[in-house]
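Protein chains: 2
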Amino acid sequence: VFELVCDRCGARHDASHYRLHCDRCGGLLDIEYDVAPTVEFRVLKDFGGLRRYAPMLPIGNAARLVSLGEGDTPVVSLPAVGAALGLGRLSAKLECCNPTGAFKDRGSAVEVTVLRELGIEAVADIAGGNTGVSLACYCARAGIRFIGFAYEDPRHPQLQAIAGTGAEMHRIEGNREACAAAIADFCRDTGVLNLRYSRNAYFIEGQKTFAYEILEQLDALPDHVVVPVGNGSLLLGSWRGFRELLQDGRAATMPRLHAAQSAAFQPLVAALHGTHWRAEPRADTLAVGLRASEPPRLDALVSACRESGGQAVAVSDNAVAHWQRRLAELEGLLVEPTAAAPLAAAEILARRGDIGSDEHVLVALTGSYKQPTSPRS
Amino acid sequence: VFELVCDRCGARHDASHYRLHCDRCGGLLDIEYDVAPTVEFRVLKDFGGLRRYAPMLPIGNAARLVSLGEGDTPVVSLPAVGAALGLGRLSAKLECCNPTGAFKDRGSAVEVTVLRELGIEAVADIAGGNTGVSLACYCARAGIRFIGFAYEDPRHPQLQAIAGTGAEMHRIEGNREACAAAIADFCRDTGVLNLRYSRNAYFIEGQKTFAYEILEQLDALPDHVVVPVGNGSLLLGSWRGFRELLQDGRAATMPRLHAAQSAAFQPLVAALHGTHWRAEPRADTLAVGLRASEPPRLDALVSACRESGGQAVAVSDNAVAHWQRRLAELEGLLVEPTAAAPLAAAEILARRGDIGSDEHVLVALTGSYKQPTSPRS
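Here the protein sequences line up with chains A and B, keeping their order. Going by the numbering used here, -14 is the number at position 2 of the first sequence; the sequence numbering is gapless. Going by the numbering used here, 141 is the number at position 157 of the second sequence; the sequence numbering is gapless.
Worth double-checking, as some hints may not be accurate.
If several chains are the same, the list does not tell them apart, and a pair holds so long as it fits within one copy or across any two.
[Claimed, not checked] Derived SDA-like pairs (lysine to any residue); straight-line CA-CA distance at most 25 Å:
#	residue 1	residue 2
1	Lys29	Val59
2	Lys29	Glu16
3	Lys29	Ile15
I should point out that these hints are in silico values taken from the structure, not numbers from a laboratory.
Just need the whole structure built from these sequences, with the hints factored in.
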């Protein structure tokens, strides 16, 4: 019912094994479905959560989704923060209410379901941040061994949380590249699957459900959607989701999709404006989810912004910290710094006139304010 | 549409101001509604979340609920932990997916809505733990000043999170009693409302929605529901909720409601068995949500267990830590220790034969595994 299609040369591949790249040109793969447009075929109305959209996910059997209750996250209005931003209609979708506290769970649920349907018993990947926690939890749920490689201090709370799921952890001296090399060696020697979640299409497909839910939760689609962009799976998922809703005739127009990046990491801002950008040697940001200098699907991110009429904006750590604090004080929502980046971006977009003060803006609050702890600590 | 009724002498009071005790005998108050039984009058079908059950909540206007998107938490099956416990049908309701990461948000939403409807502008209460975080967030959302008193180290992450909402914090030297005395003094001097959330009925009413949702989410009610009990608002809320569902004719029987307490804090276990119990001078437990030696509504807690056919069970810290770890390893769910107490209790109840191996058991996973951090830290 679905195939993997090269995003560069268009070559088609069957989905019977885990594939990251095009056999012909090495490009990354997208997923295409053979499901007739319209809600009749694309939505399973008796289901909630991600299962509801199973015909448009790369999984064979909706009932067998590896689920921890992800999705169906609330949308709330942010009247006080909106007023502070000069926006009359500001809403937030609380992705921080997902079971591991971050939007990643949509991607993990789909990705790990694919792994299980393909009969894969063990995977290795870099394990840090919200994605590592989420993937480790879903692998535990599915009975798949998760082998995590990390170069940070193992006392880091998210690494402890990952270890708490029973994952096997390997400490690597050095940086992210050293870690990737160690994983490649390990997988070659052991035959364990090298997951490289940021390159595959499955994770992004899970993020599509963010767009589907927005349509079903609101009377009308927002004019603007602002999301944080590191590797950009939520932006790409939103774009794919809203395009499908247009095809189905369920939506008449696409919201403008805007990317919030960090002043320290702005590859998409540069690509969108055709300017040169390189990360500083010791670049860093408070908004750890935005730490990505080479997103694998940069061209697609540019298309998502450009074709939807959206922008990419770099925000400062000061602005992130400011809006994180104001969100807590004015609305009672405690989120991690990365999740406040879209508010900082909305401030710039409103000031520039890219967002009108009477337009409806929806931001994704992508991660909860809490730091994970381990059941073993 | 509702009155405050003394749980001891039955005297009725109107709800036009914030009242903790019976004017006549000093007993605690429950809420009674003048809403005809049956779903037609008691459920607002066009709403989700807590608003759906507004006719059975002590609020005047469903649309004006102070909400952060609480409720509608997922129910997931726990097949692997069930097998480890010898239970063929074990489910969990993920209260940890509420916006502040704990079941408390149901209570806070209702409580703070009442405060706003009564025109209250500032409240003071002891501020620690998940309840403090939740109340502070909902007060921020409602524009009500929250003044927190704490005797713990102010670097405690939950106190930092509370401060992060802009709450005014007072550090008290001494223990819980010293804190309560300081609050009483402060409120007398300033006219600020002394909230004492653990004594009022509003918080418990919010917890009723836990029961309503279970009925609407499952094809049939579970045979057993196991919840952690400190002051016991979730047990009391469940009991009230399931009783109303019986009155409505929507449920034919009530699940047996079981309480998970700690070996170090077991006032309900003792009261249920008519034995004497007193907390040790330095009693403590890993399951911090169970640290309550004198729950204000102990008699009602006894009734909830007894009349539903349930038990109260004291669990050890070792068992709590064990099931917290096994839940992470076997199902990928990372929860705080308190949330694992119902699994430790279910183990005892299954071993004793109080729960049959083919009966459906639902546990509340009441709090997320994460430690809050402050936007200011």
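Task: Hint check against the structure, violated hint numbers in rising order - done: Checked against the structure, no hint fails, so every one of them is satisfied.
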